[in-house]
Amino acid sequence: MVADGVEDEEKWLSAGMAGLQQNAFYMHRALDSNNLKDALKYSAQMLSELRTSKLSPHKYYVLYMKAFDELRKLEIFFRDTISLGFSIVELYELVQHAGNILPRLYLLCTVGSVYIKTKEAPAKDILKDLVEMCRGIQHPLRGLFLRSYLSQVSRDKLPDIGSEYEGDADTVMDAVEFVLQNFTEMNKLWVRMQHQGPVSEKGKREKERNELRDLIGKNLHVLSQIEGVDLDMYKEVVLPRVLEQVVNCKDDLAQYYLMDCIIQVFPDEYHLQSLETLLSVCPQLQPSVDVKTVLSRLMDRLSSYAASGVEVLPEFFQVEAFMKLNNAIRKVTEAQADMPMVGVVSLYASLLTFCLQVHPDRLDYVDQILSSCVNELSVREGLDDSKATRQIIALLSAPLEKYKDIDTVLNLANYRCIMEYLNDSMRKEMANIIIQNIMNNKKTISTADKVDALFELIKGLIKDSGVETPDEPEDEFKEEQNSVARLIQMLHSDNHEEMLNIINTVRNHVLMGGAKRLPYTIPPLIFSSLKLARRLEGQDQSVTGEDVSVTPKKIFQIVTQTIDALASIPVPGLALGLYLQCAEAADDCDLEPVAYEFFTQAYILYEEEITDSRAQVTSIHLIIGTLQRTHAFGVENRDALTHKATGYSAKLLKKPDQCRAVYACSHLFWIDDHDNVRDGERVLLCLKRALRIANSVQQMANATRGSSGTASVVLFVEILNKYLYFYEKGVPQITVESIQDLIKLITNELRGDNIKSDAVADAFFSSTLRYIQFQKDKGGAISDKYKLIVL
Amino acid sequence: MNFIIEAFKPACHVSVTFADAKHRKQAALKKENGKTEMIPLFRSQDNIIGTVSVEPVPGKKVEHKGIKVELLGQIEMYSDRGNFYDFTSLVRELDIPGEIYEKKDFPFEFSSVEMPYETYSGINVRLRYVLKVTITRGYPGSIVQFQDFVVRNYSPSPSINNSIKMEVGIEDCLHIEFEYNKSKYHLKDVIIGKIYFLLVRIKMKNMDLEIRRRESTGSGTSTHVETETLAKYELMDGAPVRGESIPIRLFLSPYELTPTYRNTNNKFSVKYYLNLVLVDEEDRRYFKQQEITIYRLAESSEQAEAL
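Chains as they are written, first to last, in our numbering: chain A, 288 to 1078; chain B, 1194 to 1500.
Careful, some of the hints might be misleading.
Label-pair distances were calculated between CB atoms; the ranges are [to be verified]:
| hint | chain 1 | residue 1 | chain 2 | residue 2 | range |
| --- | --- | --- | --- | --- | --- |
| 1 | A | Ile363 | B | Ala1221 | 47 to 57 Å |
| 2 | A | His315 | B | Gln1238 | 48 to 58 Å |
| 3 | A | Ala622 | B | Glu1403 | 48 to 58 Å |
Since the hints were made in silico from the structure, they are not lab data.
Each residue gets a CB set at the ideal place from its N, CA and C atoms; glycine is no exception.
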């Protein structure tokens, strides 16, 4: 049936178009032959097609536009006729002889527009006559289009200030009066549309009315374009009259649209100066009107007006815009008890934006808004709505974006109260936004209280809510936790005591995070603590007396406890790394026992927890590297640790790994800037051992594959490099002969028949040789040493 | 008719010319054969002066027993077609019996002729003024020639001309109040008015204003009334709601109206009515008829009025 209806409409439209075009054709002929009588006759017949009741607004518009075009031609003809001496008065009468009202009025408007142009009568009289006569069309659709035609043809002919049609005193008033009247009548027709026809088609009618709304809104636009409408006239005449119509029409669609229209078409400063009038209307609107959007739009506009420059701000203060808006919102929310949460929140969000823009210095206003919002949240339901969520987040983000300073936001007592009403995912999102904001603004947070408050705000990210959340995408979780980690890095105080407090606070929060979060949150905390420890070390001497409460020892205690928390989670690699970091820091602070303890912890982890061979390789290199860098250890401790490390190295599963770990260990026995650690024997031992292992790698390769792989050659070259390194360092046990033997060995290996040449090994070896050559040629002490090596 | 006369009476040609034909205004008159013709226009108390020319066919003579011209005001009922009732009859003898050999002119004059009624051509009746020239003859029969002329009489603007204002309605359905600015309109007048809708419980479709002419002929029991709608002028399109007011502006000039004739020689009367018709969506008609008086205003002042 619906399809039929559409089809029928198409048919009617094309029939109407055909009729229109046919009569337009005859009309053109009459125009060409200068036959006024026929022109009137056929134009009236042409316009009769607009009398149809069968078309929807959309289709009717098509027909109307066609007629509109034709009427332009007719208007030109009328103008020509007048210029040839025909009396405009007579013509004005002549068109009124048409029996049918709709064609008659279209013609009348057309002639009327010519009449105004001739200036034979005051524009205002003609306009008044036209707008009055149009009352004859009471059919909503036809009336709307007729009046919109009138509006269209009269637009450039209003007796505005500065217009050529301006008459004696007060003609602007006439122009305004005319537009207002046309607007009022159009609105009445538009509203009436809703009440005609069967109830079952209500939805359809609403849709159709929506399609037509711009016809009505255009009048307001025209009003706003009238030069003579200054602020006073707007306040005294235009706005009250328009609002009167808005309130009286009692139609929600119209009220919403028109309010929005008023807000959009008139200048901001007019709104500001007439705020009270405009706002007083809001509670009078129908309950179903979306007042919140209206108000929001108004506030958005005012906000951007305020943003346009500081010079306009005094205006805002002068009219007490904030108080007025705040009151209006309160009244509206009181009046509409069943307003959905999203509405309430978006209202406050807009008000907040406005407030931040206009009164950036009034934190009390901001807090006041938040507190109103909290009140609303406590009495209404429906925050689960995703739109409401968006709005809440927008509301909470606004102060962050404005002040770019978390400190300010933390001062808002009600900010946290609102967060309380959020659900988990929203809390998380909000927390992310807060962190992002802090990151972007690069502001550090420097007191423990603030840190506490901040972590309270972002607790959505810090700990589980107790309710089992559905599986969250891994990436997202990682991203979130990484931002928390970044945030921890942003907490900083120059005061050591305070910093320690901060660390403690963070720790308390972070430790509640559970197994999933700790691997992300603990490392930054540890590093932050170590940073403090190093800072203390640097200043220790100068401030010994006063800063007794904060000592590196204390920090290391905390740190140990913190890392212990990781033990429950199977992330031994991470814990090991952290222990080593701590050890190094402790070493820096010359706390040998502490450092030793950390190493011990790391070794225990290595032995007990790290079983994966690959992880072992990584860990052992970490251990070796860290150990190599320490210098606080006494001989005994050092021996114990290096011995262990070397032992671990030799026990790695894969031979090449063994080899590499073992030659790395050689560094543990010769440290340049450490006089106690100069044990050439042990170095040589390590290297020799490495060579042996490399050899066995080669043999194994030969045994299993029938040909020696190049892997061992690479190992040999690597070992050669170690030899060269220590040779350069002047380790006496490293002799020229041993180096030359090794070079020879490698050369043989590479030239061996049964070996496929290996580009990597080749290149590595030849660049090593080049290095030797380079050192030889360089001159100086090192060069002399190198000259002993014969290639 | 002329044609027939010509056929039977080729003997001479008779014509009537008015003395001031060149300057006199003319008016259109619909002839019986449906054609309109421009004919001299007179008003009551005018002098009707002219010449009757008798022109025998060359080579023939016209023998007659006298020539006369009559001015007749006649009313013809179509129910009794061909039977004229003369309410005015004036005669001028033009020639004594004799013979006419060549074209001869006979001037005539009717001074200050009383012509109280206007020329009218209605549905059931017509009123005409005619000059009838009769050349009386014996055996071949008299030669008769007619010359029509139109009479129109002007009235001054009425000194009292009240508006028509009235509230009408159907209880609990429809209440309207309408107002026409005058009760007496001249022929080129404009009807200005307004209709207020005081109560509307009916879905209106449209509203027209009609001008109706009521022509009644005869008298007493044989009175015959004929009503014609001369104008149908749409005032409103669509359904108004309570409180709406719809303007009326109807120009009378495009319509073929005559003045109101209240009682023309006890034979007929012509009256005009404004009929306000409301049509609802079920095509039911609600109407209210109001008589208006139409009068003829002198041309010059008529124009002044129009402006």
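Quick rundown of the hints versus the structure:
1. Ile363(A) to Ala1221(B): 47 to 57 Å: Once the Cβ atoms are compared, 34 Å apart, the range 47 to 57 Å for Ala1221(B) and Ile363(A) is violated.
2. His315(A) to Gln1238(B): 48 to 58 Å: 52 Å, holds
3. Ala622(A) to Glu1403(B): 48 to 58 Å: For Glu1403(B) against Ala622(A), whose Cβ atoms are near 52 Å apart, the range 48 to 58 Å holds.
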